[in-house]
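Order-wise, the sequence lines are chains A and B.
Residue 1 is where the first sequence starts when you use this note's numbering, and the numbers rise one by one after that.
Residue 1 is where the second sequence starts when you use this note's numbering, and the numbers rise one by one after that.
None of these hints come from the bench; they were simulated from the model.
Backbone N, C-alpha and C fix where the C-beta goes; we use that ideal spot for every residue, glycine too.
Here chain B is said to cover these stretches of chain A; the calculated rule only asks that three of the stretch's residues, wherever they fall, bring their Cβ under 8 Å from a Cβ of chain B:
no.: 1; segment: 157 to 166
no.: 2; segment: 213 to 223
Ranges between beta-carbon positions, derived for each pair:
no.: 3; chain 1: B; residue 1: S164; chain 2: A; residue 2: P294; range: 47 to 53 Å
no.: 4; chain 1: B; residue 1: A224; chain 2: A; residue 2: A289; range: 34 to 40 Å
no.: 5; chain 1: A; residue 1: L73; chain 2: B; residue 2: R134; range: 55 to 61 Å
no.: 6; chain 1: A; residue 1: P199; chain 2: B; residue 2: E198; range: 32 to 38 Å
no.: 7; chain 1: A; residue 1: S121; chain 2: B; residue 2: E309; range: 52 to 58 Å
no.: 8; chain 1: A; residue 1: E261; chain 2: B; residue 2: E166; range: 26 to 32 Å
no.: 9; chain 1: A; residue 1: G254; chain 2: B; residue 2: V22; range: 48 to 54 Å
no.: 10; chain 1: A; residue 1: G254; chain 2: B; residue 2: E309; range: 53 to 59 Å
no.: 11; chain 1: B; residue 1: A224; chain 2: A; residue 2: G345; range: 32 to 38 Å
no.: 12; chain 1: A; residue 1: V16; chain 2: B; residue 2: L323; range: 49 to 55 Å
no.: 13; chain 1: B; residue 1: E198; chain 2: A; residue 2: R200; range: 32 to 38 Å
no.: 14; chain 1: B; residue 1: V22; chain 2: A; residue 2: E261; range: 35 to 41 Å
no.: 15; chain 1: A; residue 1: S121; chain 2: B; residue 2: L323; range: 43 to 49 Å
Spelled out, the chains give:
2 protein chains.
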Amino acid sequence: MNRLEQTLELVTIDSVSRNEAVIAGLVESRLRTNPALDVERIGDNVVARTTGLHATRLLVAGHIDTVPGDVTLAEIAGDELRGLGACDMKGSLAVMLEMATQPAVRKSEVTWVFYAREEISHAESGLLEVAQLRPDLLEADVAILAEPTGGVVEAGCQGTLRVSVELAGKRAHTARPFAGRNALHRLGSLLHRVASYEPRTVTIDGVDYTEQLQAVSVGGGVAANVVPDLANCTLNHRVAPDRGREEAFAWLRGFLGECIEDDDELEIADWSPAAAPSLSNERLRALVALTGQPARGKMGWTDVATFAELGVPATNFGAGDPLMAHRSDELITRDQLDEFARVLGEWLASSGEPATN
Amino acid sequence: MNRLEQTLELVTIDSVSRNEAVIAGLVESRLRTNPALDVERIGDNVVARTTGLHATRLLVAGHIDTVPGDVTLAEIAGDELRGLGACDMKGSLAVMLEMATQPAVRKSEVTWVFYAREEISHAESGLLEVAQLRPDLLEADVAILAEPTGGVVEAGCQGTLRVSVELAGKRAHTARPFAGRNALHRLGSLLHRVASYEPRTVTIDGVDYTEQLQAVSVGGGVAANVVPDLANCTLNHRVAPDRGREEAFAWLRGFLGECIEDDDELEIADWSPAAAPSLSNERLRALVALTGQPARGKMGWTDVATFAELGVPATNFGAGDPLMAHRSDELITRDQLDEFARVLGEWLASSGEPATN
Chain A
1 MNRLEQTLEL
11 VTIDSVSRNE
21 AVIAGLVESR
31 LRTNPALDVE
41 RIGDNVVART
51 TGLHATRLLV
61 AGHIDTVPGD
71 VTLAEIAGDE
81 LRGLGACDMK
91 GSLAVMLEMA
101 TQPAVRKSEV
111 TWVFYAREEI
121 SHAESGLLEV
131 AQLRPDLLEA
141 DVAILAEPTG
151 GVVEAGCQGT
161 LRVSVELAGK
171 RAHTARPFAG
181 RNALHRLGSL
191 LHRVASYEPR
201 TVTIDGVDYT
211 EQLQAVSVGG
221 GVAANVVPDL
231 ANCTLNHRVA
241 PDRGREEAFA
251 WLRGFLGECI
261 EDDDELEIAD
271 WSPAAAPSLS
281 NERLRALVAL
291 TGQPARGKMG
301 WTDVATFAEL
311 GVPATNFGAG
321 DPLMAHRSDE
331 LITRDQLDEF
341 ARVLGEWLAS
351 SGEPATN
Chain B
1 MNRLEQTLEL
11 VTIDSVSRNE
21 AVIAGLVESR
31 LRTNPALDVE
41 RIGDNVVART
51 TGLHATRLLV
61 AGHIDTVPGD
71 VTLAEIAGDE
81 LRGLGACDMK
91 GSLAVMLEMA
101 TQPAVRKSEV
111 TWVFYAREEI
121 SHAESGLLEV
131 AQLRPDLLEA
141 DVAILAEPTG
151 GVVEAGCQGT
161 LRVSVELAGK
171 RAHTARPFAG
181 RNALHRLGSL
191 LHRVASYEPR
201 TVTIDGVDYT
211 EQLQAVSVGG
221 GVAANVVPDL
231 ANCTLNHRVA
241 PDRGREEAFA
251 WLRGFLGECI
261 EDDDELEIAD
271 WSPAAAPSLS
281 NERLRALVAL
291 TGQPARGKMG
301 WTDVATFAEL
311 GVPATNFGAG
321 DPLMAHRSDE
331 LITRDQLDEF
341 ARVLGEWLAS
351 SGEPATN
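Extracted from the complex, chain A is given alone in its bound form (with noise of 0.2 Å):
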């Protein structure tokens, strides 16, 4: 089979969040045919490792699941394969399987992790599950998170900021409104408000990162003839290396400012925290190096973060565009494949021997 039809194997097993044993047993059989790997299955999420050859580890990582959608429609058309979670990330999955099972000269142990869980709420990821039951699984020097990056180094990582707000207002006869206070239509300051942000652009070893506010959930409503005394609101914010949870929420809560009042309520409902960089790591430098393009940073949140929360330099690398993630007509072609292949063989070819920086 060549890439993309090997992806294809991969697109056509339905794989949604919570429902990736199917998948993960395909991975485990197909790694275990490899006997230089030790492979242990960890609920749904399959480690395979080589050991006891070399001082320098490198680790790969891809999450197994996908967004919810019907596998069913994927098909291969000349050189692209389009299909759900063809992009969002089987496509390097499948590159991952076949530099695992295939015979390498190498000059660093490799460990390959594939895991569960990612597209749903971080508290459910199999990659914490491995960290929680198996952190030895995820020791390492550097790591590659293989999501789809358009064949670039996608640097770190923004943090994400969920905050829930409660405005307040008082309740009226809509026909003597003037007796009340509308919370829908202080909603709407606080909307113009947030729709006005201007985002903020960071540079942090050379990459950029740019933030992002955006409203994703309103509620609000007594009854048809009330003007109403509540109104809610969720807000999304995305946030630069440069500044954790305290410092983010401080600043958007002076960003809304008197959107604000008394009685209203502002609360962190979900933070995950940002990744920077780390391309000082020279292993990190060499995989940007290989790709022959400038890194970039990544806006969105990955497990970059959780790789560096444990310790290990990690970066975002992956096969197929990442405006694609997430789309009905999600997609990869063959070259995205092959350059991805290129320049991680190479990579894992050439990297070994402790780093010195």
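Chain B: place on chain A using the hints.
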């Protein structure tokens, strides 16, 4: 029991719209204690009538439902009763029940109407249910609708237009919102526009009507990391008696202007027409005289419009401050109940013989 206690008894019965069976049962059994009344139960509506003595028929009507809320908080403190529905309109109902069940010498027949589901969509109104199933029960020469008016005649009523809005956007990842369009941010502009509305006032038959525009519900949101592609909103426009359905809708569409685009939807969800003031009616002028205060226009929609459609000149006149309606601290006072009882009693006693106008 005094009138505050009689009102409290009704207030403590939870009778949110569509849940009027218990209070209708109490009203029915109370009315049946007066052998002079023909009592009819139609669904959760109760109609009681004297018959056979006089040529003229007066009708007094009130709704038995309330907006949602906690009725267990109701209490009497000194000369006040605070509690959901105290003012809208269980104070008036208590006086109606008192007058319907006590012996009285009158020159007219009297019809007492207690009806369900006034506080929700007009299509569900219990008064329409009676009008459809037993229109004969609503025949009268003149009607008082005992909605709270502060003891003043509130003539006619404004129409009420409910419009549902759906604003379109385009989904994207919240880390790359520039690839989509946030429908909630568009909603912000719409709500901002609605909040900027300046009321129009019209004078008819010497009374003023002031229109209003309020957002009454909003919703929208896909997931915590997705730029939403749809936002919805419901607007409530109160319309003076000089405008009909299409005129009011056209005005609203024009007012919203560029907030509504081609891919959006703007639809009439509900319309209840206005009623003209009917102050040319002799018996309604007599009622105004008994109150000792000039009439004013009714800003909210009421079932005087339903009576107008049935050919019965009607007006709003009831106990309690209309500005308190639908508020969590709704209240009625002993003086308000006593004054309503005085005027209603005198009007029922003095009105009689066919009017000449």
